[in-house]
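Undergrad: So you can see what is in the structure, the chains are spelled out below.
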Amino acid sequence: MPPDTETKKKPGIFDVITENYVWRSIFRHGYADTPRNRVLQVSANVWLHLHPSKMRRHGIRYRHTWCAGGLTFLLYLCTVVTGVVLMFYYRPTGEYAYWDVKYLDFDVPFGMIMRNMHRWAAHGMVIFIWLHMFRVFMTGSYKPPREFNWVVGVNLLTLTLLLSFTGYLLPWDQLAIWAVTVGTNMARATPLLGNEGPFGPQLGMTPRYDARALLTAGTVVGSPTLLRFYVLHCIFIPIIASILMILHFWRIRKDGGISGPL
Amino acid sequence: MAENISPGAPIADQEEVKVQSGRARALAAADLPDKVHTWPYLVRAEFISGCVLLLVLLVWSITVDAPMEEPANPTKTPNPSKAPWYFLGLQEMLVYFDPWIAGVVLPSLIIVGLMVIPYVDINPKGNGYYTWSERKFAIATFVFGFLVLWVGMITIGVFFRGPGWNLFMPWDYWDPHKVVPLTNIDLPYFLGIRSEMVAMLFGLVCVGGWLVGVPGAIYQWKKNSPVIRELGFVRYGIVATLFMIMAGVVVKMFLRHLFNIKYILVIPNILNV
Ligand code: HEM
Numbered sequence: 001m002p003p004d005t006e007t008k009k010k011p012g013i014f015d016v017i018t019e020n021y022v023w024r025s026i027f028r029h030g031y032a033d034t035p036r037n038r039v040l041q042v043s044a045n046v047w048l049h050l051h052p053s054k055m056r057r058h059g060i061r062y063r064h065t066w067c068a069g070g071l072t073f074l075l076y077l078c079t080v081v082t083g084v085v086l087m088f089y090y091r092p093t094g095e096y097a098y099w100d101v102k103y104l105d106f107d108v109p110f111g112m113i114m115r116n117m118h119r120w121a122a123h124g125m126v127i128f129i130w131l132h133m134f135r136v137f138m139t140g141s142y143k144p145p146r147e148f149n150w151v152v153g154v155n156l157l158t159l160t161l162l163l164s165f166t167g168y169l170l171p172w173d174q175l176a177i178w179a180v181t182v183g184t185n186m187a188r189a190t191p192l193l194g195n196e197g198p199f200g201p202q203l204g205m206t207p208r209y210d211a212r213a214l215l216t217a218g219t220v221v222g223s224p225t226l227l228r229f230y231v232l233h234c235i236f237i238p239i240i241a242s243i244l245m246i247l248h249f250w251r252i253r254k255d256g257g258i259s260g261p262l
Numbered sequence: 001m002a003e004n005i006s007p008g009a010p011i012a013d014q015e016e017v018k019v020q021s022g023r024a025r026a027l028a029a030a031d032l033p034d035k036v037h038t039w040p041y042l043v044r045a046e047f048i049s050g051c052v053l054l055l056v057l058l059v060w061s062i063t064v065d066a067p068m069e070e071p072a073n074p075t076k077t078p079n080p081s082k083a084p085w086y087f088l089g090l091q092e093m094l095v096y097f098d099p100w101i102a103g104v105v106l107p108s109l110i111i112v113g114l115m116v117i118p119y120v121d122i123n124p125k126g127n128g129y130y131t132w133s134e135r136k137f138a139i140a141t142f143v144f145g146f147l148v149l150w151v152g153m154i155t156i157g158v159f160f161r162g163p164g165w166n167l168f169m170p171w172d173y174w175d176p177h178k179v180v181p182l183t184n185i186d187l188p189y190f191l192g193i194r195s196e197m198v199a200m201l202f203g204l205v206c207v208g209g210w211l212v213g214v215p216g217a218i219y220q221w222k223k224n225s226p227v228i229r230e231l232g233f234v235r236y237g238i239v240a241t242l243f244m245i246m247a248g249v250v251v252k253m254f255l256r257h258l259f260n261i262k263y264i265l266v267i268p269n270i271l272n273v
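Chains A and B, in that order, give the protein sequences. Under the working numbering, think of the first position of the first sequence as 1, with each following residue one higher. Under the working numbering, think of the first position of the second sequence as 1, with each following residue one higher.
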């Protein structure tokens, strides 16, 4: 339905800016707000084409989605961008890691804010992914046909927590190694695969050779652990998480868009 | 072309929906003949919320610095050593259960439990809209598990745990020498059972009865109710077991704080629950 432009109005500020020689030399014509253009804006745009060009009305409401999924993704992008900046200055060895982070904090231009944004965005991502899961539950959006996308989501949740956990070690300060020590110590007690877990010793698990040693690359959280966590944090988990996110978004479309009453 | 520029021109699909409640409102919204255009309505909403979020993140990052303590020192254990806040729910479980249960079994069950939700919740109602009355059990269980247990335990871990993992009020001085009597005893002992064999049997009956007996009895009793008949044996079993495990965690917490109970079932070197 074409917008109603029959009635002639006095030129407003918008018209003054756009209807002159200089502006027109840059932008030959304006954006015509027609249904066709609205569709094209979405389907012909590389960033927006994941969206459907039209959607059911409730799906755009804040009170339905809380935008939590989208904001989780935005925070993920923030950590990716700031994380790559940090990688330029950070060496994942016991010898350098701590001092590289100090250097980022005190000497690198904008280093501190990159680090702050990386850290707080990561925490925000954990909060928003929980909010997102909570709202998906409350709207019953895991029900058919979206069962599998919920499962993909739970995997994303696990990966997000692992990303945060592996990143926690990298500053290589007291906070980092002891938090990770507490966390990895639990792996010692894995049934069958941990040296202190049920049936672990019987299956030949030792402190040097069990589930925990696989995580920490040794018997204590040390320099080899740092390298291992670094690779997991910067390469392995992000790649898997990104792939799952693509799957997640694709499934939203294939499952009929944002859930709604039917 | 240029005459068509009219930002925010009223297009039919912008008209407001009468405010009703719950499903009626949701249905009324869905029933409107027109879908709305993603551009501008959704893109606008995303853009605004994204801008607000980025602004908050930026201001936050300018004003609050990421923590950075002394260099890592494997010979100097801080007391308390806390896991990152989002794992404090699991660390809190260590108070009540052995590490392999608290650190391996329960987290795995949480993940698996979340994944099976869509396959065991066969209630077709409440798909795509907010409702309480149409799915009370599902919502109550989830809200309890998530908001009360998970978020609650994280809150305790962050604000109420100090040196020695003892309970402190947030305004208390963290006294590393606080003396807390270790008077925890096992449930059978508490009840006066002294023989190890009998204690073990008693423990087995308690735990088995809780995880299998109670759900089994309810199944026998309510087998012909429409809900359980539709759910079927397998789905009922999964739901009931997961539910009883979650409830069991709560029971164990109460037993500990009210009666200083350490374990309910002890099979030496194999299993303590
Ligand atoms: C990295 C993590 C995640 C990202 C980036 C993400 C992103 C999104 C986005 C953008 C949407 C569209 C609707 C909305 O914004 O709410 C969505 C929908 C959905 N998400 Fe996620 N999500 C993530 C994790 C999860 C988790 C943890 C779950 C569940 C356990 C989940 C389950 C779903 C389901 C079932 C839908 C469809 C909802 C509907 O149609 O109403 N997602 N997700």
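Hints may contain errors.
Claimed, not checked - Partner residues are not named here, just some residues of chain B that face chain A (Cβ under 10 Å, in silico):
1. Leu94
2. Val95
3. Gly103
4. Thr131
5. Ala240
Hints in this document: simulated from the structure, not taken from any laboratory. Built from N, CA and C at the ideal position, the CB exists for glycine as well.
Undergrad: Confirm or reject each hint.
TA: Structure-based check of all given hints:
The criterion of a C-beta within 10 Å of any C-beta in chain A is met by B:Leu94, whose closest approach is roughly 8 Å, and the hint holds. Given hint, B:Val95 at the interface with chain A, is violated; its Cβ is 13 Å from that chain's nearest Cβ, farther than 10 Å. Evaluation of the B:Gly103 hint against chain A yields a held restraint, the C-beta minimum of about 3 Å falling below 10 Å. Given hint, B:Thr131 at the interface with chain A, holds; its Cβ is 8 Å from that chain's nearest Cβ, closer than 10 Å.
For B:Ala240, the interface hint is violated, the least distance from its beta-carbon to any beta-carbon of chain A being 20 Å, above 10 Å.
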